[in-house]
Amino acid sequence: MRGVGTIIVQLLRFALYVGVHVLFVSKLVLFDLGWCFFYLGFLLFLPISTPIVLQLVLSFVLGWSIDIFYDTGGVHAAAAVLLGYLRPWVLRLLTPRDGYDASDSVNIHQMGWQWFTVYLSLLVVLHHAIFFLLELGSFRVLGLTLGKIVVSTLFTSLTLLIIQLLFFPTKRSKR
0 MRGVGTIIVQ LLRFALYVGV HVLFVSKLVL FDLGWCFFYL GFLLFLPIST PIVLQLVLSF
60 VLGWSIDIFY DTGGVHAAAA VLLGYLRPWV LRLLTPRDGY DASDSVNIHQ MGWQWFTVYL
120 SLLVVLHHAI FFLLELGSFR VLGLTLGKIV VSTLFTSLTL LIIQLLFFPT KRSKR
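So for the sequence shown, numbering that gives the first Met the number 0 puts the first residue at 0; every next one is plus one.
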């Protein structure tokens, strides 16, 4: 029964992240330079033990769902799939000396500020770089694109950090 419960919880999380992004967060823009990609929280905060194939499928479905709402022709899907592909590599790169527990999740309270900041910053900047470069389609206005990447990375990272601090448990779950 635990497997079915986990699937239902993840489906609800998926709907919540997409719904909040589409209905509220997508309207927030900083000086026509910074956008918050709130929906990335779903992918970034998946359990560490999530299989890579499932991460890639979820990444595509998430990105495609956002593309449908904004008619962006697959740009969100491509960037989300890249994030889903790179996430296990970054987790491997940041593996603690004792390794991860089977029940570990991406949680600032369990992993610590330094680990979480590096994890979040690295994956968000890579996602935003590919997103804005694909959206632009060339290197003509590279300065503006780099500005969008930096400001959007800060905006998204700060938003997801606040979500972690407010809504994720401070104690390790006992299974």
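Worth flagging that the hints you see were computed from the coordinates, not collected in a lab.
Among the hints, a few may not be true.
To be verified - Here are the simulated lysine to any residue pairs, SDA-like style, with alpha carbons at most 25 Å apart:
(1) Lys26 to Val60
(2) Lys26 to Arg12
(3) Lys26 to Leu153
(4) Lys26 to Trp112
Quick caveat: nothing in here was measured; it's all calculated off a predicted structure.
Taking the numbered hints from earlier one at a time, note which ones the structure violates and give those numbers from smallest to largest.
-> Checked against the structure, the only hint that fails is number 4, while the rest are satisfied.
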